[in-house]
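Trainee: Letter by letter, the chains look like this.
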Amino acid sequence: MKKNIYNLLMIMIPILYINAQVGIKTASPNAVLDINGTTTLRKELRLGGTSSTVGNPGLNGQVLVSQGEGQPPTWKSLNVPLVETGQYKLTNSYLFSDQAGITNFPNNGDGVYKSNTGDDINITATGKWIKLEALSSSIEIKNSNNRITYQFQTGVEMQAPNSSVIQSVTFTCGVFRNEKLVAVRPDKISTNNNTEKNGLQDYIFTLNYTEQNVPAGLHEISVACRKINSTNESSKFAIGRNIPPADPSSPSNPSNPFILESEFKMDIIEFITY
Amino acid sequence: MKKIILLTAVVTGYLISAQIGIKTESPKAVLDVNGDMNLRGKLSVLNTSNQTITEGTNDQVLVSQGEGYPPIWKSLRIPDYEQNKFFLIYNNSFSDRVGVKFTSAEHSTNGSTISSSFVKNANFSSMNLFKKIPSLSQQFEAYSQQSKVYFQFETVVHADFLPVGNTDSSIDYGCGIFIDDKLANMRLGNIKASSASYPFITHNQIGMIDNLAKGSHTISIACARLKSYNTTSTLGIGINVATNIDSFISQSSLRVDVYEVPQVFNTIIN
Numbered sequence: 001m002k003k004n005i006y007n008l009l010m011i012m013i014p015i016l017y018i019n020a021q022v023g024i025k026t027a028s029p030n031a032v033l034d035i036n037g038t039t040t041l042r043k044e045l046r047l048g049g050t051s052s053t054v055g056n057p058g059l060n061g062q063v064l065v066s067q068g069e070g071q072p073p074t075w076k077s078l079n080v081p082l083v084e085t086g087q088y089k090l091t092n093s094y095l096f097s098d099q100a101g102i103t104n105f106p107n108n109g110d111g112v113y114k115s116n117t118g119d120d121i122n123i124t125a126t127g128k129w130i131k132l133e134a135l136s137s138s139i140e141i142k143n144s145n146n147r148i149t150y151q152f153q154t155g156v157e158m159q160a161p162n163s164s165v166i167q168s169v170t171f172t173c174g175v176f177r178n179e180k181l182v183a184v185r186p187d188k189i190s191t192n193n194n195t196e197k198n199g200l201q202d203y204i205f206t207l208n209y210t211e212q213n214v215p216a217g218l219h220e221i222s223v224a225c226r227k228i229n230s231t232n233e234s235s236k237f238a239i240g241r242n243i244p245p246a247d248p249s250s251p252s253n254p255s256n257p258f259i260l261e262s263e264f265k266m267d268i269i270e271f272i273t274y
Numbered sequence: 001m002k003k004i005i006l007l008t009a010v011v012t013g014y015l016i017s018a019q020i021g022i023k024t025e026s027p028k029a030v031l032d033v034n035g036d037m038n039l040r041g042k043l044s045v046l047n048t049s050n051q052t053i054t055e056g057t058n059d060q061v062l063v064s065q066g067e068g069y070p071p072i073w074k075s076l077r078i079p080d081y082e083q084n085k086f087f088l089i090y091n092n093s094f095s096d097r098v099g100v101k102f103t104s105a106e107h108s109t110n111g112s113t114i115s116s117s118f119v120k121n122a123n124f125s126s127m128n129l130f131k132k133i134p135s136l137s138q139q140f141e142a143y144s145q146q147s148k149v150y151f152q153f154e155t156v157v158h159a160d161f162l163p164v165g166n167t168d169s170s171i172d173y174g175c176g177i178f179i180d181d182k183l184a185n186m187r188l189g190n191i192k193a194s195s196a197s198y199p200f201i202t203h204n205q206i207g208m209i210d211n212l213a214k215g216s217h218t219i220s221i222a223c224a225r226l227k228s229y230n231t232t233s234t235l236g237i238g239i240n241v242a243t244n245i246d247s248f249i250s251q252s253s254l255r256v257d258v259y260e261v262p263q264v265f266n267t268i269i270n
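Sequence lines, in order, name chains A and B. Here the working numbering is used: the first residue of the first sequence is 1, the next is one more, and so on. Here the working numbering is used: the first residue of the second sequence is 1, the next is one more, and so on.
In short, the hints are calculated from the structure, not lab data. There could be a bad hint or two in this list.
[What the hints assert, rightly or not] Interface residues of chain B toward chain A, partial, derived using beta-carbon atoms under 8 Å:
| # | residue |
| --- | --- |
| 1 | ILE22 |
| 2 | PRO27 |
| 3 | VAL33 |
| 4 | GLY35 |
| 5 | ILE89 |
| 6 | TYR90 |
| 7 | ASP168 |
| 8 | SER170 |
| 9 | ARG187 |
| 10 | GLY207 |
These numbers come from a predicted model, not from an experiment. Just so you know, even glycine gets a beta-carbon here, dropped at the ideal spot from N, CA and C.
Work out the full structure, taking the sequences as your base and the hints as a guide.
Mentor: Structure follows, in structure tokens:
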């Protein structure tokens, strides 16, 4: 019987026309075609169209988007940036600036010329670090396969007690993650013996550093500096702002905190996987 | 009758080798449904790369592969934009080999009023004898009211000093980053004669400005010779003033990064 019908279909009815609601595995169809089971598409899904025109199969890469009740879905292009799997990509950035600076350095440096990864900020035997408080922040890392680039710049100012004698201060600034040192650069500022400069000198300190594969999670980041050595104990020294004038009402110092402000940026670059 | 045949065929796994039109007499596909279609179960598709039937995974979307190919389930790869965080929205880089030169007669009067004239948002017109580095005056765009613009400027400062004597020869200079001719960042430096002739130093300057108005802005870099001590030498910024280095080595570069908390979201689809 079935075979006869099949033959009949093959020979007699190349087109099967059904003018009713059709339910498959359901006796009460809720649509023109209601399929109560898995539907498999082996060829394109065409949308829209009429009895004389074929529907739209979509362009390669377009996605199926609902147009709400009463409307057929449609193929649309996605308007989003391309992100490939298996690449490092900038996922987040943190930026801070500060004009408060550090002016309370001790007259003598801490004499510690060497620093190591993991030095604790609170242990004075490995340096008397002073934080730039406004640059402290908490960052979030999502993928343990990552790169963090730290970029820090600040103005540095010193004043020698005698304007005709050259003095210098050796100092260092570093980045701490969870109070442990992760990035550090040393530098030195020297005055001139041009007496018209009153022993004052301005200098720019920059740190560029990349840390790799920081564990996922929250991290407390801070920036701190320390004075290593001063050729004269009476030299004045400030980082991230100008040296406070002895008499604020008649500042003898020609600079200001704006010129010497600190900038700190962290770029979080993570490995993209799907 | 026909409905019964079809139902019987499908229920028993029957083969129909014909085009089927539901509510249409002229089907334009193997199955042409002229009306709503209700899926109560999964929609699986043929993966033509390995001839398997796949049902997709949670959150995947149906993506067309064009005419003649079945659509396919795919994951969306969209960058993660979180609220209240800064993302790099715009960046661009510029360079210049022309630079600016200053003779010993070209001192900015601002050199004696540094603390009062070099303040945030000071107007470029209040800057005396500041020279803009030609190719670094550029336009950029801010799309969000919550933005941080980050500038990185690097140049070489060169002076045709002879070897230093007992008293230092040095020049104070300053470079400012101006946004729409308002001062955003200023750094001062001092180039000093050494035991060798014609010394040069690399000047690296990072600046930041918060919350610019939305829209187009112009950035420019201008430098000045502020004061000279025990010298009448010429000063070059972004350009050589003696032949121990050339204009390639002394060129300036500027990078502009605009980080924003995104406020403008384009619709995902178009």
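Trainee: Hint by hint, note whether the structure agrees.
Mentor: Structure-based check of all given hints:
Hint status for ILE22/B relative to chain A: holds, with the closest Cβ pair at about 5 Å, below 8 Å. Because the beta carbon of PRO27/B sits about 6 Å from the nearest beta carbon in chain A, less than 8 Å, this interface hint is met. Of the supplied interface hints, the one on VAL33/B holds, with its beta-carbon coming within about 5 Å of a beta-carbon of chain A, less than 8 Å. This hint holds: GLY35/B has a C-beta 3 Å from the nearest C-beta of chain A, less than the 8 Å allowed.
Interface hint at ILE89/B: violated, since its Cβ lies 10 Å from the closest Cβ of chain A, which is beyond the 8 Å cut-off. With a least beta-carbon distance of about 13 Å to chain A, the hint placing TYR90/B at the interface is violated under the 8 Å criterion. Checking ASP168/B against chain A by beta carbon gives a least distance of about 4 Å; that is within 8 Å, so the hint holds. This hint holds: SER170/B has a C-beta 5 Å from the nearest C-beta of chain A, less than the 8 Å allowed.
Given hint, ARG187/B at the interface with chain A, holds; its Cβ is 5 Å from that chain's nearest Cβ, closer than 8 Å. Hint status for GLY207/B: holds, given a least beta-carbon distance of 7 Å to chain A, under 8 Å.
Hint check: violations occur at hints 5, 6; the rest are consistent with the structure.
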